[in-house]
Amino acid sequence: MTVQMIFLAFFGGAAVWFGVVVFRTHSMVRSALALLFSQTAIGAMFLVMQAEFLGVLQIMMMATEMSVMAIFMVMFMMDPGGMGKMDMTHQKRLSLWVGVIGLLAALLLVWLPDWGPVAQSVPGAHEQAADLGRELLGRSMLIFQSAGLTILTAMVAATMVAIVPNAEQRK
Amino acid sequence: MSELSQYAILFGLSVGVIGFVLSLFGLARAIGRARSEPGKDVPATAGTLSRDPVWVRYHARYAGYALLFLAFDMEMAFMYPWAVVYREEGLIALLDMGVFLAILFLGLLYGWSQGALRRQ
Amino acid sequence: MTIAGAHAGAMTGLRRLISTAMARDLTAFVLPGASVARSMGLDLAGSPLRIVGTPRHANLLIVVGPLPPGLRDAAAVTYAQMPRPRAILALGAGDIAPLPDADVSAPLTRAGLRSGLADLRRVIAAGAFRADSGEFNAPALEVRVEYTCPMHPEIVRDAPGDCPKCGMTLVPRETASDGHGGHGGHVMPREDRPNPADHAHAGHAQDAGGSGAYICPMHPEVISDAPGKCPKCGMNLAKAEEVESHGHGHGHGHASHAPSAHGDHAGQDDKAGGSGAYTCPMHPEVISDAPGKCPKCGMNLVKAEEVESHGPGHGHGHGDHGGYGKQQDHSGHDGHAGHGGHSKAAIDGIEPHFMSMVEMTKDQPRSSDGLQMDWIKVPFGPFFPGLPAGLRLTLTLDGDTVAASDATSLVGATDLMDGPQMRVADFVERLATMMPLSPVSYRALACAAIEVAAGVEPDHDARRGRAAAVERERIASHLNWLAEFGLQSGFLWLAARAGALQLAVQGADVAGIATQAGAIRRLSRRVQAAPLMRMRLRRIARIGKDAPASGPVDRARGGGSDARTGDPTLKDLGFEMRVRNGGDALARLRLRCDEIAQSLDVIAAAGRIAVPQVPDVDRVSGEGEARIETPRGTASLRVKLANGKVVEADLDTPTDVNIALVETVTAQQELGDALSAVASLDLSPWEVRG
Amino acid sequence: MSILVVLLSLAAGAYALAVIERWAVHGHLSLTGPAWAALALMGRESLLAHKSDRLFFELGPVLLLVAGLMAVAVIPLAPGLIITDLATGALFLNAALAYVLVALIMAGWGPNGAYAMIAGWRFLGQFIAYAMLIVMPITAVAMRAESLSTVEIVASQAQLWNVLYQPVGFVLFVVAAMGLAWLPPLDLPDATGELAGGVEAEYTGVRLAVLRLARMVIILALAGATVTFYLGGWLGPWLPPWAWSAIKILAVAASMLSVGRYMPRIREARYLALSWKLGISLALANIFVVGVIALVVPI
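Residue numbers (this note's numbering), protein chains in the order written: chain F, 1 to 171; chain U, 172 to 291; chain P, 292 to 981; chain E, 982 to 1280.
What the hints contain is simulated information worked out from the structure, not anything from laboratory work. All clues stand as given, with none of them false.
Some chain F residues close to chain E (C-beta under 8 Å, calculated; not the full set):
1. 27
2. 33
3. 36
4. 125
5. 126
To list a few chain P residues with every Cβ distance to chain U over 10 Å, as calculated:
6. 797
7. 813
8. 872
9. 909
10. 911
11. 927
12. 934
13. 980
Ideal Cβ placement from N, Cα and C applies to all residues, glycine included.
Work the whole structure out from these sequences, hints included.
Laid out in structure tokens, this is it:
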């Protein structure tokens, strides 16, 4: 149990540290990849907490999505290599306030609700995935389908915003 | 083998790989260290010395695909647990996922029609 | 005995083992290129070494033939970029300065290559390490540091400081020292160095404490020493100090350049201009004197009283301020430091940290889809795998798309004559060696032109033999092109097979070619039928019928000309001009395959191959012109003979025509397509004149 | 114990693959060649470009090797002969291989060189082309096996290998795997004739050795994944299970390595378009067909 806690703290610390790096670096690519590794560390935390499916999914999805974010940052941010050592931070007071409020909200969310009794045993990893599947096809089917619709909306919105439809059709 | 010990093995392997690579680096360093000379530390570009940094805003022409990819990647999160219980749940799983995938495919078709699936 | 590029360290047991390994694992980078080596009959692919595409992965530099003067700098760069231990094998190269002396020299023959490699292995095994190896340096590697703004590449200074446009710290940049070309700068036009305006500005800051720079209220990056109009929007510039004095309290935390924010600056600095401007709420750079719609988004323009436009025609009182001439007096003053501090202050007054991307990147080039990106100039040559050796192709890349291109030859034929007059035999020899990729054709051309000038007629057999020799070279040249194309497009089987067949064909007699004919025909069928080949080449590098082109490039667009059509000898041998439709890279590939097949037939019909012999001219005078269809297209040569000596010569080559197509075929292409397009033209940089 | 056996067979497999690669690419068949080449690389200078992102440059090959090894960890060579039999093995394989992309972006961005940077971002485009075609066929495989465990997936093919059960998925997966391992004709990020080495262009000496080793491990992992998902893993008559695994994995790896020799490289634009327009449609159809078969036929 203690070993588990040590690793949990280790990966938690890693996640926070990478999160700090996101803002401390001048390079956009470093920033994006620091966020990636921060998310990977969170995935590792899930693994330590024996939420295997969730952990592996987090590790996989964040790698790909943050990489895609990296290319968009390189596309649209000036000096993506950070060679000008330009300060990336601005609106410091506002962000400080938002950060503090966000932290408080998160802490409240952790402490206030009644999370119920601590589970004595974790279901096996295969059971977790299967349970999740049954949940998707049973009680949460509506949520599942609306997630599909949400993704569709996001696709349509992204296409409408980003794609110039009348551009010359090139092959 | 408990799951936690499996994760421990994977973690240990990763650390082991880093150790292996570091020892290789150490060996190579013992054999000889790089000597700095004019022109050697400039990225090689076919015989022409190009010292300018290239870290500039890079125009990725596959941006349209990338946006649709994000949506499809999200969708896969649902596919795996579904696949595991597919035979157990039977027809309802087929129909449910059929509707879900149809919705997504609609998004793909929309993007296609709007020209997201081409070089921008 | 050690190699010149030995790795640092004394020979010990471990290093001895490593040296042995290096001697067994030779990875070679070939100068000027593998295609030239093949044309000279060297079988590098069949040798115990691996040819690599970048000097970084090579431990051996093979110099094939004399190193042309134009490639010496590039050779030095290539050698400098190889990791130690690195060795040089010179094959018939002679003087290779600025490279260090070759570790092994051998004659330019197959036997020479074999023995040279064997020697080299011994040398490397014995001397890959050495405690005190000398440093390699060359003029081409010298470096000068200059300072530039990451956002404004046009700002280039000799000393550190801040950018006058945005106040960012200038970053050092290394460039080749003057006199050596080839530093790939950014595309944006660059201010001349040293910039007179800056010096003027510095002096100004020093002597006129109260007066400041002039800044556009809408475009804080526009800073000028003298009053005037903003080059971006035409507004009158405002004095920085005044802007600064009123500017505190704005600037901080603005998420956008809202018009009102600027309005405050502008409005407080000078109320002289009375009329209100109309501006778009979304596009503050859109400013109009009259109400209307925004040309960018169609929104109604709003009247912004506070946005003082100072429209054209409004007088304002700064005309004589500062006196530009007075500033000019200080132009020699070394005042960079003062200048830096000053502009920083001016910028700080407006916006201390935040910089709007829209504002700062307005002047940068736009891509075809309207996005603004930074473009980089990337050299693809003179030693790029799959492209003609000696061709310096510089592509300006917008992401991975070619925005502009520039192709120059570093090995172009300079003077046809090496003196006021040349012996006929020397002239023929010189022309043939000038064109290492098609020596026989140019030898035949020179002979033909001299024969016309001298009024000599070669006999029937000689003409047939000569025609067959040129056709044999055509087969070899097209196979060479196929091999290079295979390398360029990653079709490695093709690269290996076509290269081997080229070596087998180029020196063969009629019987030898007959034995290879089946293999060559199979190869050309297989190339055209290979999977992905159509996809790779169709509609790539399309050339319209109006663009001037020569040779297979010309005939692959449904028509074109061929210098062989009027030749009665070739007509006897059954020659008929081959044509393909399409004008794209695929049509060119197919046409070259067709021509290979036809040349095989012509050689079989001719029955003999005779390399053109220098005609025996005896102290005649006269002028003559000849045209010949080289593998790359029609070349023509005019010579003037005086007393049996060549006194004047003038050459037109197909590559001279085709190299101009590079720009057309690469424009707005994806990088891979652009390189395939250049490769499909089959350029020979040696043929470029001037 | 089994970990050691798997790691040793991995080393042997990587070496065998290196021999095959030299044969396929350079036409030299030499059993000792790769060993000498590796030693020679150890003795060469390991250079660093001067304005580079050193952290990325150094970490790229290491991350690539870690990713490859993590993927190998869930490939079963025989019953019980697997490093970790994770319950989510197929998903984990995917997760590990996602870091190939991250590693190549780091390796491409690191040296601040034009060829490498373009190559890195090109690989991101290539990833967007192949990613869905790895994931969707695996889903169909998991549907049949009712599990994400690689051992279960092999066991599910006892009656009929998946290559016959879902041939479309097999073809899509193999092509996508070749894209993942940037093997010709899908070698956009290290194309010799287009980028003169691309992401590998700036690596020399021992770093290049690590990069090449990592690539071999990744190819083996992908061949192993193909065998596990579609070719019945260790299943086969007469020979012991490990022998079947070895034969199948090496055969798949060798054919993936050498097929690109006989065709030109694909164009990036066509690759993306084909993957998304044809590939994803086929992959979805594959899922549907497998779904119907799985409900009707009980194998």
